[in-house]
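Generate the whole structure from the sequences, applying the supplied hints.
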Amino acid sequence: VTTAEVALERERAIPRLGRLRSFFSNPWGKPRFLSVWTWLYIIWTIAPVVLAVQFSFNDGRSRSTFQGFSTQWYQAIWDEASLNFDDTLLPALTQSLKLALLTMPIATTLGVGLAIGLARWRGRGSGAANFLMLFPLVTPEIVMGASMFLIFSNLYHLRLGTTAQLLGHVTFSLSYVVIVTRGRLFAIGRDYEEAAMDLGASPAGALRRVLLPLLAPAILSSFFIVFAISIDDFVISQFLCAQDCTTIPIKIYSAARNAGNPSLNAIATIMMMLSLLSITVAVLILRWFNRRQSTGRSAVEDFARFEI
Amino acid sequence: MTTAVGGVVGERRWYYPALAVPGVAWLLLLFILPFYAIAAVAFGTRDLIFALPIPAWNPLEWQFGTFRDTAAELLASGGLQAQFLRTLTYVIVAVATCLVVGYPVAYYIARYGGRMKVILLTLMIAPFWMSYLMRMLAWVNLLAVKPDDPGLVNRLLMATPFAGDPINWSSGSVSNLTVILGLVYGYIPFFILPLYAALDRIDRSQLEASRDLGASPAWTFWRVTLPLSKQGILAGAVIITLPMFGDYYTPNLMTASPDNTMIGNAIDFALQGGQGQQPKGAALTLLLSAFIGALMIYYLVSVSRAAKEAQR
Chain A
1 VTTAEVALER ERAIPRLGRL RSFFSNPWGK PRFLSVWTWL YIIWTIAPVV
51 LAVQFSFNDG RSRSTFQGFS TQWYQAIWDE ASLNFDDTLL PALTQSLKLA
101 LLTMPIATTL GVGLAIGLAR WRGRGSGAAN FLMLFPLVTP EIVMGASMFL
151 IFSNLYHLRL GTTAQLLGHV TFSLSYVVIV TRGRLFAIGR DYEEAAMDLG
201 ASPAGALRRV LLPLLAPAIL SSFFIVFAIS IDDFVISQFL CAQDCTTIPI
251 KIYSAARNAG NPSLNAIATI MMMLSLLSIT VAVLILRWFN RRQSTGRSAV
301 EDFARFEI
Chain B
1 MTTAVGGVVG ERRWYYPALA VPGVAWLLLL FILPFYAIAA VAFGTRDLIF
51 ALPIPAWNPL EWQFGTFRDT AAELLASGGL QAQFLRTLTY VIVAVATCLV
101 VGYPVAYYIA RYGGRMKVIL LTLMIAPFWM SYLMRMLAWV NLLAVKPDDP
151 GLVNRLLMAT PFAGDPINWS SGSVSNLTVI LGLVYGYIPF FILPLYAALD
201 RIDRSQLEAS RDLGASPAWT FWRVTLPLSK QGILAGAVII TLPMFGDYYT
251 PNLMTASPDN TMIGNAIDFA LQGGQGQQPK GAALTLLLSA FIGALMIYYL
301 VSVSRAAKEA QR
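Residue numbers (the working numbering), protein chains in the order written: chain A, 1 to 308; chain B, 1 to 312.
Derived from the structure by calculation, the hints contain no laboratory data. Check the hints yourself; a few may be wrong.
Here are some chain A residues pointing at chain B (derived, C-beta under 8 angstroms) [unchecked claim]:
(1) Pro31
(2) Ser35
(3) Thr38
(4) Ile46
(5) Ile116
(6) Phe149
(7) Leu158
(8) Leu160
(9) Leu166
(10) Leu167
(11) Leu199
(12) Pro203
(13) Ile270
(14) Met271
(15) Met272
Just so it is clear, CB atoms sit at the ideal spot from N, CA and C, and this is done for glycine as well.
Written as structure tokens, this is what we have:
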């Protein structure tokens with residue numbers, strides 16, 4: 001019998017109450033303190049949002065006292081007959097959805113092309129291009145928003161509005177598509193497409209019949225990631241909006257402190273559900289794929305390792 | 001025959017890089033050139049009647065009057081300098097708080113996650129994908145003080161024995177804490193994630209070696225774990241510092257008090273609020289970019305070095 005087994009036996013022998021007592025008698029014991037800390041942290045990050053969702057179902061006007069369950073604040077978004085109907089909410093939801101749905105295909109197409117091009121281009125300048133590619137990820141949004149605002153109004157003479165917002169959304173989501181796709185490209189390597197070409201496929205044929213099918217999971221999950229970051233964006237949307245282009249985040253920004261009632265929470269809840277849903281789909285696609293590849297790590301872990 | 005083969009090889013060499021052309025063109029026109037537009041407006045002049053900016057696209061026509069005035073305003077004591085120093089204080093306190101709060105969390109999940117790891121990670125990443133504005137709205141709701149309702153946080157505090165009157169979170173010196181709370185709450189997920197990745201990569205055998213050689217757990221943490229996670233701490237700190245310097249919505253949402261405005265508010269006001277302030281706003285944006293540019297480049301260099309090592 002080794003010491004470890006003895007320790008294990010002793011651990012088992014401690015009754016539950018005793019274990020609880022030893023927990024309190026030594027709360028600074030390493031994992032215990034850390035585990036309490038971690039769960040407190042998680043409660044602290046999640047609880048306010050859960051409460052905000054709860055108040056969207058409030059029966060009363062308050063956003064801090066729950067007075068019973070009702071869906072009236074959801075009706076206030078689209079039901080014109082509703083007592084609290086607010087005619088600015090549905091347009092904001094439509095604008096957010098419109099932008100996200102238009103950004104998805106454009107950003108994904110451009111980003112996948114960019115990722116393939118940059119990964120397979122080994123000549124002079126490729127290092128600099130790969131480096132520059134990361135800049136949109138670290139540029140503060142206010143700088144990006146200000147720069148596009150200034151060039152649209154002073155050089156391109158593009159009226160601020162949906163088109164300007166769409167151009168902005170594609171610009172900042174491009175890099176995310178490149179990062180997701182590039183990771184997959186490195187994992188695939190160059191062998192498959194070169195084998196295809198050695199067997200007589202044209203570069204276009206190798207791309208269409210070999211590389212793109214292999215990239216499909218990355219392309220699909222980029223699609224949903226782009227949706228989530230586009231629908232959540234605030235700064236770029238606000239800088240590039242003049243009139244009739246209020247998105248949900250802009251609406252929250254302008255109404256949170258003043259004119260807010262639970263219908264604002266309701267529309268924020270809808271937005272959050274949409275983005276969490278699309279991220280879940282992205283993770284599930286990656287997981288479904290990983291299971292076939294059996295990398296041994298869960299998709300969530302891979303996602304957590306996905307830096308920037 | 002050789003020319004035909006050469007043709008195929010040539011096609012192979014250029015076909016894939018050519019796929020990048022639309023994306024590169026897009027970034028040149030909508031990311032790089034707009035940066036130049038900031039300079040052109042900042043170094044340009046203004047229409048005397050409508051106060052509209054006249055950008056100077058030709059660098060030879062650049063005039064540095066507005067830029068010099070703005071820089072001087074930052075160096076002289078006054079509103080703008082106060083805003084900048086406040087921003088600096090907020091960012092430093094918020095990053096330090098993120099480190100103190102976030103390190104144990106990342107460490108616990110990486111080392112002791114066990115069977116709960118996926119659940120813990122999911123809960124840890126979830127806020128990452130919730131709209132920042134939604135998360136700020138949640139706190140606005142919780143902290144709002146109304147004549148008939150002191151707000152949920154105040155009610156919780158008043159339930160404890162040592163509470164006095166309900167606190168007004170949006171005014172006085174407490175408002176600084178409110179904004180810092182907002183910043184920490186908003187950005188901490190972005191800090192924890194790279195830190196977790198760094199801690200998760202640490203090879204356990206290195207920790208075991210340290211223990212085998214006689215180091216105590218605390219000494220092992222201090223001499224092995226902490227140095228190995230330094231890159232993660234730095235990456236996390238930089239990745240949240242950059243957007244914090246450009247933040248204007250957090251103070252506006254959390255307190256909306258002029259005593260809490262940051263440098264981002266000055267830029268936002270000059271560009272979107274005041275008439276004829278565009279050159280000043282552009283100059284401020286340039287100064288801010290120069291200030292944080294070193295941080296950005298440091299981060300990108302370390303990221304691409306790590307990517308190169310991973311490729312090997």
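Going down the list of hints, with the structure as the test:
no.: 1; hint: Pro31; result: 5 angstroms, holds
no.: 2; hint: Ser35; result: 6 angstroms, holds
no.: 3; hint: Thr38; result: 4 angstroms, holds
no.: 4; hint: Ile46; result: 7 angstroms, holds
no.: 5; hint: Ile116; result: 5 angstroms, holds
no.: 6; hint: Phe149; result: 6 angstroms, holds
no.: 7; hint: Leu158; result: 11 angstroms, violated
no.: 8; hint: Leu160; result: 10 angstroms, violated
no.: 9; hint: Leu166; result: 11 angstroms, violated
no.: 10; hint: Leu167; result: 6 angstroms, holds
no.: 11; hint: Leu199; result: 13 angstroms, violated
no.: 12; hint: Pro203; result: 4 angstroms, holds
no.: 13; hint: Ile270; result: 10 angstroms, violated
no.: 14; hint: Met271; result: 6 angstroms, holds
no.: 15; hint: Met272; result: 5 angstroms, holds
Violation of the numbered hints given earlier is confined to hints 7, 8, 9, 11, 13; the remaining hints are satisfied by the structure.
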